[in-house]
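Enquirer: Construct the complete structure from the given sequences, taking the supplied hints into account.
Under my numbering, read the sequence shown as residues 1 to 50, first letter to last.
Fair warning: there could be bad hints in the mix.
Said to hold, decoys possible - Label-pair restraints from in silico Cβ distances:
id	residue 1	residue 2	range
1	Lys40	Val17	44 to 54 Å
2	Ile13	Gly47	30 to 40 Å
3	Ala25	Leu3	43 to 53 Å
4	Gly47	Val17	39 to 49 Å
5	Ser35	Ile13	28 to 38 Å
6	Ala41	Ala4	52 to 62 Å
7	Thr43	Ala5	55 to 65 Å
8	Leu3	Leu26	49 to 59 Å
Read the hints as simulated data drawn from the structure, not as lab findings. Beta carbons: idealized from backbone N, C-alpha and C, even for Gly.
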Amino acid sequence: MSLAADATILGNIGDDVVKSTVAIALENVLITVYSMLAIKAGTILLGNGT
1 MSLAADATIL GNIGDDVVKS TVAIALENVL ITVYSMLAIK AGTILLGNGT
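Expert: Okay, structure coming up:
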């Protein structure tokens, strides 16, 4: 394998790592927002909300 092929492979691995990291971060944000909405809805339904 040549040096250019190695550079291409490493570049693709780096792109995959970035995509995975962004996907995990976005998923965590969405889970947090959903959890907060569920907690707020629960307090409203239980009559403790303001």
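Enquirer: Is 44 to 54 Å right for how far apart the beta carbons of Lys40 and Val17 are?
Expert: Check failed, 35 Å falls outside 44 to 54 Å.
Enquirer: Should the hint that Gly47 and Val17 are 39 to 49 Å apart at their CB atoms be regarded as holding?
Expert: Since Gly47 and Val17 have Cβ atoms about 47 Å apart, the given range 39 to 49 Å holds.
Enquirer: Could you see if the CB distance from Ala41 to Ala4 stays within 52 to 62 Å?
Expert: holds (55 Å)
Enquirer: Tell me if the beta carbons of Leu3 and Leu26 are separated by a distance inside 49 to 59 Å.
Expert: violated (35 Å)
Enquirer: Can you tell me whether the CB distance of Ala25 to Leu3 sits inside 43 to 53 Å?
Expert: violated (33 Å)
Enquirer: Is the distance from the Cβ of Ile13 to the Cβ of Gly47 consistent with 30 to 40 Å?
Expert: Violated, since Ile13 and Gly47 (Cβ atoms, about 53 Å apart) do not stay within the stated range.
Enquirer: Within 28 to 38 Å or not, the Cβ separation of Ser35 and Ile13?
Expert: About 33 Å separates the Cβ atoms of Ser35 and Ile13, which means 28 to 38 Å holds.
Enquirer: Given the hint of 55 to 65 Å, check if Thr43 and Ala5 actually sit that far apart at their C-beta atoms.
Expert: Between Thr43 and Ala5, where Cβ atoms are some 58 Å apart, the hint holds.
When the structure is compared with the earlier hints, violations turn up for hints 1, 2, 3 and 8 and for no others.
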